[in-house]
Amino acid sequence: MPDVQPLVSDFVLKLKRRKVEGSHAVARQTAELLRSVVSQHRMGSSANQAAALADAVRAVGEQLIAANPIELAVGNIVRRVLHIIKEEDISSTAVGIEGLSVTVDSDDEYDREDDDRPSLSAAVLAAHARNALRAPSLQTLLEDIPVSPAISRTASSTGDSDGKSKSAGDKTSTRKLKHDVIAAIGDLIDEIDSCYEPISEQAVELIHQNEVILTLGRSRTVKEFLYAAKEKKRSFRVFVAEGAPRYQGHVLAKELVEKGVQTTVITDSAVFAMISRVNMVIVGAHAVMANGGVIAPVGMNMVALAAQRHAVPFVVVAGSHKLCPLYPHNPEVLLNELKSPSDLLDFGEFSDCMNFSTQDGSPLLNVVNPTFDYVPPKLVSLFVTDTGGHSPSYMYRLIAEYYSADDLVVRRKSTA
Amino acid sequence: MSQKKSRSRGGGGAAAAGDDHEDLARPPPLQAVLLADSFTLKFRPITLERPKVLLPLVHMPMIEYTLTWLESAGVDEAFVFCCAHSNQVKEYLEKSGWAGRAGAGSMAVTAVESHDAISAGDALRVIFERGLIHGDFVLISGDTISNMSLKDALREHMDRKKKDPLAVMTMIIKHSKPSVLTHQTRLGTDEIVMAIDPETKELLYYEDRADNSNLYVTIDKDILSNNPTLQLHNDMEDCYIDICSPEVLSLFTDNFDYQHLRRHFVKGLLVDDIMGYKIYTHELRSGYAARIDNFRSYDTVSKDIIQRWTYPMVPDVISNRNCSESRLHRQAIYKASDVTLSHSAQIGANSVVGSATSIGDHCRILNSVIGEGCTIGKNVVINGSYVWDNVVIEDGCQVSNSLVSDGVHLRAGAIVEPGCVLSFNVEVGKNALVLAHSKVSLLPQPSNEDSDEELEYADTNSGVTDSPPFSSMRSNGDQATVPSEEDESGTSETGTCGVVGYIWTSGDAGILEEWRQSIAPISKEKLEELQHAVSENDGSEDESNNPTLPDKDDSSDSAVEDDDLISKFEKEVEETFQRAMGGGVNRDNLILEINGLRLAYSLQHADCAGAVFYSVMKSALQAAQSTNDSLLKTTAEALGKWKDLLRNYTKTVDEEMEILLKFEEMCQETTKEFSPLFSKILPFLYDTEVISEDAILRWAEEKEHADESDKVFVKQSEAFIQWLKEAEEEDDEEE
Numbered sequence: 001m002p003d004v005q006p007l008v009s010d011f012v013l014k015l016k017r018r019k020v021e022g023s024h025a026v027a028r029q030t031a032e033l034l035r036s037v038v039s040q041h042r043m044g045s046s047a048n049q050a051a052a053l054a055d056a057v058r059a060v061g062e063q064l065i066a067a068n069p070i071e072l073a074v075g076n077i078v079r080r081v082l083h084i085i086k087e088e089d090i091s092s093t094a095v096g097i098e099g100l101s102v103t104v105d106s107d108d109e110y111d112r113e114d115d116d117r118p119s120l121s122a123a124v125l126a127a128h129a130r131n132a133l134r135a136p137s138l139q140t141l142l143e144d145i146p147v148s149p150a151i152s153r154t155a156s157s158t159g160d161s162d163g164k165s166k167s168a169g170d171k172t173s174t175r176k177l178k179h180d181v182i183a184a185i186g187d188l189i190d191e192i193d194s195c196y197e198p199i200s201e202q203a204v205e206l207i208h209q210n211e212v213i214l215t216l217g218r219s220r221t222v223k224e225f226l227y228a229a230k231e232k233k234r235s236f237r238v239f240v241a242e243g244a245p246r247y248q249g250h251v252l253a254k255e256l257v258e259k260g261v262q263t264t265v266i267t268d269s270a271v272f273a274m275i276s277r278v279n280m281v282i283v284g285a286h287a288v289m290a291n292g293g294v295i296a297p298v299g300m301n302m303v304a305l306a307a308q309r310h311a312v313p314f315v316v317v318a319g320s321h322k323l324c325p326l327y328p329h330n331p332e333v334l335l336n337e338l339k340s341p342s343d344l345l346d347f348g349e350f351s352d353c354m355n356f357s358t359q360d361g362s363p364l365l366n367v368v369n370p371t372f373d374y375v376p377p378k379l380v381s382l383f384v385t386d387t388g389g390h391s392p393s394y395m396y397r398l399i400a401e402y403y404s405a406d407d408l409v410v411r412r413k414s415t416a
Numbered sequence: 001m002s003q004k005k006s007r008s009r010g011g012g013g014a015a016a017a018g019d020d021h022e023d024l025a026r027p028p029p030l031q032a033v034l035l036a037d038s039f040t041l042k043f044r045p046i047t048l049e050r051p052k053v054l055l056p057l058v059h060m061p062m063i064e065y066t067l068t069w070l071e072s073a074g075v076d077e078a079f080v081f082c083c084a085h086s087n088q089v090k091e092y093l094e095k096s097g098w099a100g101r102a103g104a105g106s107m108a109v110t111a112v113e114s115h116d117a118i119s120a121g122d123a124l125r126v127i128f129e130r131g132l133i134h135g136d137f138v139l140i141s142g143d144t145i146s147n148m149s150l151k152d153a154l155r156e157h158m159d160r161k162k163k164d165p166l167a168v169m170t171m172i173i174k175h176s177k178p179s180v181l182t183h184q185t186r187l188g189t190d191e192i193v194m195a196i197d198p199e200t201k202e203l204l205y206y207e208d209r210a211d212n213s214n215l216y217v218t219i220d221k222d223i224l225s226n227n228p229t230l231q232l233h234n235d236m237e238d239c240y241i242d243i244c245s246p247e248v249l250s251l252f253t254d255n256f257d258y259q260h261l262r263r264h265f266v267k268g269l270l271v272d273d274i275m276g277y278k279i280y281t282h283e284l285r286s287g288y289a290a291r292i293d294n295f296r297s298y299d300t301v302s303k304d305i306i307q308r309w310t311y312p313m314v315p316d317v318i319s320n321r322n323c324s325e326s327r328l329h330r331q332a333i334y335k336a337s338d339v340t341l342s343h344s345a346q347i348g349a350n351s352v353v354g355s356a357t358s359i360g361d362h363c364r365i366l367n368s369v370i371g372e373g374c375t376i377g378k379n380v381v382i383n384g385s386y387v388w389d390n391v392v393i394e395d396g397c398q399v400s401n402s403l404v405s406d407g408v409h410l411r412a413g414a415i416v417e418p419g420c421v422l423s424f425n426v427e428v429g430k431n432a433l434v435l436a437h438s439k440v441s442l443l444p445q446p447s448n449e450d451s452d453e454e455l456e457y458a459d460t461n462s463g464v465t466d467s468p469p470f471s472s473m474r475s476n477g478d479q480a481t482v483p484s485e486e487d488e489s490g491t492s493e494t495g496t497c498g499v500v501g502y503i504w505t506s507g508d509a510g511i512l513e514e515w516r517q518s519i520a521p522i523s524k525e526k527l528e529e530l531q532h533a534v535s536e537n538d539g540s541e542d543e544s545n546n547p548t549l550p551d552k553d554d555s556s557d558s559a560v561e562d563d564d565l566i567s568k569f570e571k572e573v574e575e576t577f578q579r580a581m582g583g584g585v586n587r588d589n590l591i592l593e594i595n596g597l598r599l600a601y602s603l604q605h606a607d608c609a610g611a612v613f614y615s616v617m618k619s620a621l622q623a624a625q626s627t628n629d630s631l632l633k634t635t636a637e638a639l640g641k642w643k644d645l646l647r648n649y650t651k652t653v654d655e656e657m658e659i660l661l662k663f664e665e666m667c668q669e670t671t672k673e674f675s676p677l678f679s680k681i682l683p684f685l686y687d688t689e690v691i692s693e694d695a696i697l698r699w700a701e702e703k704e705h706a707d708e709s710d711k712v713f714v715k716q717s718e719a720f721i722q723w724l725k726e727a728e729e730e731d732d733e734e735e
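Line order of the protein sequences matches chains A and B.
In this text, residue positions in the first sequence follow the UniProt record's numbering: the first is 1, and each later residue adds one.
In this text, residue positions in the second sequence follow the UniProt record's numbering: the first is 1, and each later residue adds one.
Hints were generated in silico from the structure; no laboratory data involved.
Be aware that a few hints might be false.
So the derived label-pair ranges between C-beta atoms look like this [unchecked claim]:
(1) B/Ser250 to A/His179: 57 to 63 Å
(2) A/Glu231 to B/Leu232: 55 to 61 Å
(3) A/Lys19 to B/Leu166: 33 to 39 Å
(4) A/His310 to B/Lys526: 54 to 60 Å
(5) A/His310 to B/Thr229: 54 to 60 Å
Mimicking BS3-like on lysine-lysine, the simulated pairs with C-alpha atoms at most 25 Å apart in a straight line are [claimed, not checked]:
(6) B/Lys151 to A/Lys16
(7) B/Lys715 to B/Lys633
(8) B/Lys221 to B/Lys267
(9) B/Lys680 to B/Lys618
(10) B/Lys95 to A/Lys16
(11) A/Lys19 to B/Lys151
(12) B/Lys672 to B/Lys703
(13) B/Lys151 to A/Lys339
(14) B/Lys177 to A/Lys339
(15) B/Lys151 to A/Lys14
(16) A/Lys14 to B/Lys95
(17) B/Lys571 to B/Lys651
Beta carbons: idealized from backbone N, C-alpha and C, even for Gly.
Looking at chain A on its own, in the form it has when it is part of the complex (with noise of 0.2 Å):
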């Protein structure tokens, strides 16, 4: 592994030193780098070559995780990852199991899946296999009934060149994992880089004729969500509060105007008394956590008191990428980051009431720059995500079958 530690140290520093944010541009340069960690991975000969692999990565994850732990994005796709190897190799086992009738240790309830279906393909057991991870669920009732048989017909190629021998097959097993693993996230960057689509797919059937939308600041997503909405000839008005104290509401603004949207810029602390003329709040998300609570831009919170008061909806869009599974504790404080007060005050301007030399040498100006607001789930009307619209409470469902519960703390096994 010692090809990828310039990467990773590289990687580090700029999520350190701030260079990289934004939860999608997190995920997806985390994604990126975790694959170039896999495919520098060499595979040692030991048994366990996925725990192996998913060690590497948790060494990786680890480091990444405390380099910038308000990204929370980062924690998710190293989850991810741990996931899809996990996924990975409970296929390829069976795949092993089926074809050399090695034994190999893994948990009953997976045995018994497999053997229902013998003959099927790595790629078709791995999505067994992420059903049988998953939690029983409505979606996943009906997934792979139209899927099987499709891919049945790669099964048998695939299978007759696993089982050539033991000791070909061994080697050919553990390139294949990790292939796979490649692979699967080569899918997931994918995902990231078009889960706006699926998302904005949904938002003629939110947004309908003649509606006033409300949103606070910028997000990528709700930027996307409303030109597809536009661009199935709704027509509706958008009121931008403009996000102080970063302004990105003036930028969205803009940009809607370009794209031929009714647009009013308000001030943050005119979305009171706006709200009442609101039809649907639309707004984007740092993060969602496991209970439906959501991280987002600061002032949302009152954003989304304010239209709870009215009895407006609150939806928030976001990506799967931005799914934790990790529960907030002490959000304002500890999920948050307080960023230079000089976006708020010019520094030459104020210099004189910085002088800490005059009093007894405790400032009387203080400023305080969240960057972050914790909007808990009660205030939530609905999440719109890449696989549809979710209400607060399923969260916890959905993040189930993202991630594999012993993945919640990312730490390498042998300090744990």
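Please build the complex by placing chain B on the supplied structure of chain A, with the hints as guidance.
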């Protein structure tokens, strides 16, 4: 690895032509010169043992901030110039992973070592000799904290250079509140006055005023005639970050007497119009930049960091060592996760506590930074202080507004007063008191300090040998249990009891200047004094508050500056005179001294006469009792005693007039005690031949046309003048 890289680059640039083509194709790598030596003594005694750039600033060595910034500003290659303690700096660079790091996107750091450099000028000459710099470079010292973006400034610099190859330097400046106080109270530095062309941003004039009482700036009239518009700024802070062309280095080599970057180089360049090199400024709009020049700026910048002005260079975001992450809590309290904190201990706002530190019951920590691995006992109060790593503070200690270095041990009940600096491994005994503004070190103060030697640290072997007597009372910690009450009496031996280490006397700055650059907050009185100085500068004198200064001529604004100069001069003359009275200085020497002062203030002979007269009268007044008779007597005595001195200055009628006018002024304004005696003293002056009759008559003549109020004394002495006139007529008649 980076060293190799830089060397190969250096060789290529000098010789190979192939390199040049490459350079044309893509921009040359941005280089930076980081001076890891401040070439001053301001952080002594700590800097005797550790270089300034490695001193921890909120848990991180200063150089770490500078290097981090350079890297994030897009610098490709940095040369760290180290001089004193170069081994420590190099070791740090190795250990922290700066040196020898390679790869795309990361900055190569190379240490450049030279032991005989004693100034920034020398350092740059060494850099030039080694041929390390090939293009434009960022010049910064290792104690500068910034998070600004260099992009705009760099682009401006490059554009300008394309148009005008003589634009060799871009100075980064920052707006600050236009108050004289701010410079002093924030960073402990002097006010800077700059003249900038508002159109081109060219720097036309630069002056860091050492003295706030200087109320004027002198600008060459060529500057005014050559530039139709110019803005005079006193609201700018110099960030000490410069973008320089390679010519700067050769300029330093050409002018081998350039030592100081600002004092010599910038001023030299501005004055020199033969070569026509120009310096431009770039005003920092957003972002933070400050240089740590002294202990006060150390304090201020630390607090700015804690208040997150330097984001992302804040304690919870960057940490160089592999220690546990420190987290930010409400009210700007940063705590490492493995701090052992007693339930009853109280940590106030704006504090930082490092990892593996334990804090006992009922402690109070306010506005302070506590390092790593410290052990703090019970009932300790730490206020506004900087406690570095592995410090042991026992029960009941009090530390306020001080700096406590690594390994210091404060035994139970010790009190550290504001403004102290305890250097490495100093021990303070039980119940001992460390007096305000004292600097304590295990190393004795070097005695051979030359004022013009600007080494950051004299090497520790020389200068240690004969330590002055005050520092010789090294006492053992065991016997150092002298009650602290005694200590308060003085700065001499008793004050140092209970301290293992040498207590340094204040340097050449003098004890009066201590408060300017220490961590301790400025006392109310000093602030008022400063404030007063400021308000005086504004021209709004408050007479009732300031009785000691002679009143100023309200009628003419232009005289205000002049008056101030004279009053200062008078004060000095008076002091000299009083010394002469007390110590019996030879009269000739006194004259010499006063003449020297006159030259220093570039004043007229007449002013001198007035001042001396003023001093004589003042001395008489002090000696006198309250009654008029005794005053007259002492005045007569004084005049008799000093008549020779006065006569020395009254060579012409003009000077005699000056004395008369001065006397009149005194009677009217400052020392009204003399006013009833005017007419009685005047004949005496005549008798002692200090003032001739010509002068008196001319004075009377001049006053004839003056206001009624001015004529009071003329009237008072009418009889005498009449007598003089008659005497003159008689003389005429006789002839």
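Going down the list of hints, with the structure as the test:
| no. | hint | verdict |
| --- | --- | --- |
| 1 | B/Ser250 to A/His179: 57 to 63 Å | holds (59 Å) |
| 2 | A/Glu231 to B/Leu232: 55 to 61 Å | holds (58 Å) |
| 3 | A/Lys19 to B/Leu166: 33 to 39 Å | holds (36 Å) |
| 4 | A/His310 to B/Lys526: 54 to 60 Å | holds (57 Å) |
| 5 | A/His310 to B/Thr229: 54 to 60 Å | holds (57 Å) |
| 6 | B/Lys151 to A/Lys16 | holds (21 Å) |
| 7 | B/Lys715 to B/Lys633 | holds (23 Å) |
| 8 | B/Lys221 to B/Lys267 | holds (16 Å) |
| 9 | B/Lys680 to B/Lys618 | holds (17 Å) |
| 10 | B/Lys95 to A/Lys16 | holds (19 Å) |
| 11 | A/Lys19 to B/Lys151 | holds (15 Å) |
| 12 | B/Lys672 to B/Lys703 | holds (20 Å) |
| 13 | B/Lys151 to A/Lys339 | holds (21 Å) |
| 14 | B/Lys177 to A/Lys339 | holds (23 Å) |
| 15 | B/Lys151 to A/Lys14 | holds (18 Å) |
| 16 | A/Lys14 to B/Lys95 | holds (20 Å) |
| 17 | B/Lys571 to B/Lys651 | holds (23 Å) |
Comparing the model with each earlier hint shows no violations; every hint is respected.
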